[in-house]
Amino acid sequence: MKALFTEEARTRGVVVRTSVSYLPEQSEPDRGRWFWAYHIRIENEAEMAVQLLTRHWIITDGRGARHSVEGEGVVGEQPMIAPGGSFDYVSGCHLATPTGSMQGSYHMLGEDGSGFDVTIPKFGLIAPAVAG
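Okay, so the sequence shown: first residue is 1 according to the UniProt record's numbering, each after it adds one.
Since the hints were derived computationally from the structure, they do not count as laboratory data. Positions of the beta carbon are idealized from the N, C-alpha and C atoms, including for glycine. It is possible that some hints are incorrect.
What the hints assert, rightly or not - Straight-line alpha carbon distances no greater than 25 Å define the calculated SDA-like cross-link-like pairs of lysine to any residue that follow:
| id | residue 1 | residue 2 |
| --- | --- | --- |
| 1 | K122 | R41 |
| 2 | K122 | C93 |
| 3 | K122 | S105 |
| 4 | K122 | V74 |
| 5 | K122 | V20 |
| 6 | K122 | T97 |
| 7 | K122 | G71 |
| 8 | K122 | V69 |
| 9 | K122 | S19 |
| 10 | K122 | S21 |
| 11 | K122 | V15 |
| 12 | K122 | I81 |
| 13 | K122 | L109 |
| 14 | K122 | E72 |
| 15 | K122 | V90 |
| 16 | K122 | T6 |
| 17 | K122 | Q51 |
| 18 | K122 | T18 |
| 19 | K122 | Y22 |
| 20 | K122 | A9 |
| 21 | K122 | I59 |
| 22 | K122 | G110 |
| 23 | K122 | S91 |
| 24 | K122 | A65 |
| 25 | K122 | P29 |
| 26 | K122 | L53 |
| 27 | K122 | A37 |
| 28 | K122 | P24 |
| 29 | K122 | P98 |
| 30 | K122 | R63 |
Unchecked claim - Between beta-carbon pairs, the in silico distance windows are:
| id | residue 1 | residue 2 | range |
| --- | --- | --- | --- |
| 31 | A96 | S19 | 37 to 45 Å |
| 32 | M80 | T6 | 20 to 28 Å |
| 33 | G64 | S86 | 27 to 35 Å |
| 34 | G64 | P128 | 18 to 26 Å |
| 35 | L23 | G113 | 36 to 44 Å |
| 36 | R63 | F116 | 31 to 39 Å |
| 37 | P128 | P83 | 34 to 42 Å |
Using the sequences provided together with the hints, build the complete structure.
Here it is as structure tokens:
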């Protein structure tokens, strides 16, 4: 199953894996709109449970413009992930250019009360027409 994911980052025993898919049926290149879906898997290889409290994304378009997005949880949840457990979700992103990237971090709370940030690895957003 790990072949599905193209990028990964490890922080304090928490592994974040990413996979991205271009969505041609939702994109309108002639109107300057490109859409992608991204799949995130968060795996807890630590010895204590962790809870995802907040997210921080940095979205960069093909012109280098950066947009920061912060919020509570992911897809309306603040999942608790037990040792050996994982949490998957799918969300989406649109850009006004056919290329760009996303990266960021999750703020986690360990069951011991410690708060820490977990890296979300950088992944590319590339429409197939410009790939190559």
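Structure-based check of all given hints:
no.: 1; hint: K122 x R41; in the structure: 14 Å, holds
no.: 2; hint: K122 x C93; in the structure: 14 Å, holds
no.: 3; hint: K122 x S105; in the structure: 10 Å, holds
no.: 4; hint: K122 x V74; in the structure: 17 Å, holds
no.: 5; hint: K122 x V20; in the structure: 11 Å, holds
no.: 6; hint: K122 x T97; in the structure: 17 Å, holds
no.: 7; hint: K122 x G71; in the structure: 19 Å, holds
no.: 8; hint: K122 x V69; in the structure: 15 Å, holds
no.: 9; hint: K122 x S19; in the structure: 11 Å, holds
no.: 10; hint: K122 x S21; in the structure: 15 Å, holds
no.: 11; hint: K122 x V15; in the structure: 14 Å, holds
no.: 12; hint: K122 x I81; in the structure: 22 Å, holds
no.: 13; hint: K122 x L109; in the structure: 22 Å, holds
no.: 14; hint: K122 x E72; in the structure: 20 Å, holds
no.: 15; hint: K122 x V90; in the structure: 16 Å, holds
no.: 16; hint: K122 x T6; in the structure: 10 Å, holds
no.: 17; hint: K122 x Q51; in the structure: 22 Å, holds
no.: 18; hint: K122 x T18; in the structure: 9 Å, holds
no.: 19; hint: K122 x Y22; in the structure: 16 Å, holds
no.: 20; hint: K122 x A9; in the structure: 9 Å, holds
no.: 21; hint: K122 x I59; in the structure: 10 Å, holds
no.: 22; hint: K122 x G110; in the structure: 24 Å, holds
no.: 23; hint: K122 x S91; in the structure: 16 Å, holds
no.: 24; hint: K122 x A65; in the structure: 15 Å, holds
no.: 25; hint: K122 x P29; in the structure: 24 Å, holds
no.: 26; hint: K122 x L53; in the structure: 20 Å, holds
no.: 27; hint: K122 x A37; in the structure: 15 Å, holds
no.: 28; hint: K122 x P24; in the structure: 22 Å, holds
no.: 29; hint: K122 x P98; in the structure: 17 Å, holds
no.: 30; hint: K122 x R63; in the structure: 17 Å, holds
no.: 31; hint: A96 x S19: 37 to 45 Å; in the structure: 23 Å, violated
no.: 32; hint: M80 x T6: 20 to 28 Å; in the structure: 27 Å, holds
no.: 33; hint: G64 x S86: 27 to 35 Å; in the structure: 34 Å, holds
no.: 34; hint: G64 x P128: 18 to 26 Å; in the structure: 22 Å, holds
no.: 35; hint: L23 x G113: 36 to 44 Å; in the structure: 40 Å, holds
no.: 36; hint: R63 x F116: 31 to 39 Å; in the structure: 33 Å, holds
no.: 37; hint: P128 x P83: 34 to 42 Å; in the structure: 39 Å, holds
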